Amino acid sequence: MSGAAQERVVASAPGASAIAETWLWIAQRASAALLALCVLVHLVTIIYAVRHGLSGEAILARTRGNAAALAFYAAYVLAIAVHAPIGLRTLCQEWLGWRSASLNWLVAAIAVALFAFGLRAGWAVFVAPA
Amino acid sequence: MNMLQVSVWRGAAAGEYRTYEVPRYESQSVLDVVTYIQRSIDPTLSYRFACRVGMCGACAMTVNGVARWTCRTHVAKVAEGNAIQIAPLANLPLVKDLVADMREFFDKWARARGQFVPSATRKDAFARVAADSRARAAVEAGIECIGCGVCYASCDVVSWNADYLGPAALNRAWTLVNDERDGARAERLRAVAGDAGCHACHTHLACSERCPKKIEPTRSIAGLKRAVAMAALRGEL
Amino acid sequence: MKNDLRARNHPSWWAFLVHRLSGLALSLFLPFHFWALGQAFQGEARLDTLLRWTEQPLVKFAEVLLIVLLAAHLSGGLRLLALEFLPWRGWQKSLLAWAAGLALAAGLAFALAL
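Chains G, W and H, in that order, give the protein sequences. For what it's worth, this note's numbering labels the leading residue of the first sequence as 1, then goes sequentially. For what it's worth, this note's numbering labels the leading residue of the second sequence as 1, then goes sequentially. For what it's worth, this note's numbering labels the leading residue of the third sequence as 1, then goes sequentially.
The hints are simulated quantities; they were obtained by calculation from the structure and are not laboratory data. Careful, some of the hints might be misleading.
[As the list claims (entries may be wrong)] Taking lysine-lysine and the DSS-like style, the derived pairs with C-alpha atoms no more than 30 Å apart in a straight line are:
| id | chain 1 | residue 1 | chain 2 | residue 2 |
| --- | --- | --- | --- | --- |
| 1 | H | K93 | W | K77 |
| 2 | W | K96 | W | K123 |
| 3 | W | K96 | H | K2 |
| 4 | W | K77 | H | K2 |
| 5 | H | K93 | W | K213 |
| 6 | W | K96 | W | K213 |
| 7 | H | K2 | W | K214 |
| 8 | H | K60 | W | K213 |
| 9 | W | K214 | W | K123 |
| 10 | W | K123 | W | K213 |
| 11 | H | K60 | H | K2 |
| 12 | W | K214 | H | K60 |
| 13 | W | K214 | W | K77 |
Note that the structure is a prediction, hence the values are computed from the model and not measured.
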């Protein structure tokens, strides 16, 4: 192995970033497993709801004051807020060549925004007035 | 005589395709075609080969857009009509013509801790490895790699992330992770963790699709992903 | 040298592309989805107004497309989890066929239920 190659080997010794990337991968797969369940329930609900006529009244009749539905949506939104930003981050890295720290901040902001906005949506159909 | 129209990459990064007419035979490998051009038409053509029988891994090139071992690729299998396009392997720096610079490819084997690290000395007895153990089967599945670089050249993640270790190096690491005589497991798992390592793989399966030895590096990389993740969960990474 | 579509033209690569593009599309749709549900704060009538807007043919078509994308991301994701976490076997092509079939079936079920 040439001297330069040896240097490169040392330079690529795993650091905090490799461990962080590993945890991101674990988070991505764990959230995917949770999402698999949530999306399945969501799809079945959509098709059921559409078959029985979609209306504001019908939607809210299912969700208003329904704590189980609220808990489901909260878990769903949490999984989305973990899963989607990690995927978008990889996309930006690979397709846009964007690998600087600014990307991590943007992705973290997207995660927080998705979580907050998603919870707000779940809360809205829980407390909705007539 | 039936002639092949062979379009060959000439020059370095700034080069161009040049077309040569090569007599077509019933049974003819792509390597035969390249050799004919070099011996009978243009001796300045550079290419690399050694064994000609699919053992050494030296002659891989891009044939009609797909990375292949040229010595075991029949013209009849890849020619589109009478046309063949031959280029150097993708994802590697170009030396000249059909010769790709393989240094980075093999350096990454070293970076993935592809060296066996003995855990016993010559004074110890031979290790007894059960042939039917799961670990031995995992080694078996990946060990026949000839280092041709076809998987590396076919991998999109390599082209998107220059640091990515690539299928061959990770496959090598996986065979060692499963080698019960090896003493560097923890260090190796650290070396293949993260963005430049196994977790960058998207399971495109291009490596497994193209490997001339029918190895499935994707399988090995999946094994590494799980092993590294388990190490992280145990706080051992 | 860079690869072109000839190198990428194999089933798993197309599956990857569908997975990435569907993921991107769903991510872009989420803010609109959450906004629409948030309109429930203003009561049933407001939701009905939004639902009437979705009666347009083009919006209906987009809805079917979204369902297919969601189902494709689900089935494609299950395929990836199976490949990464389950013992390896020669089932890559069958997994892919199942994933594609499930996505189309979900789209069809939705379209027929409309």
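*Against which earlier hints does the structure fall short, listed by number upward?*
2, 8, 9, 10, 11 and 12
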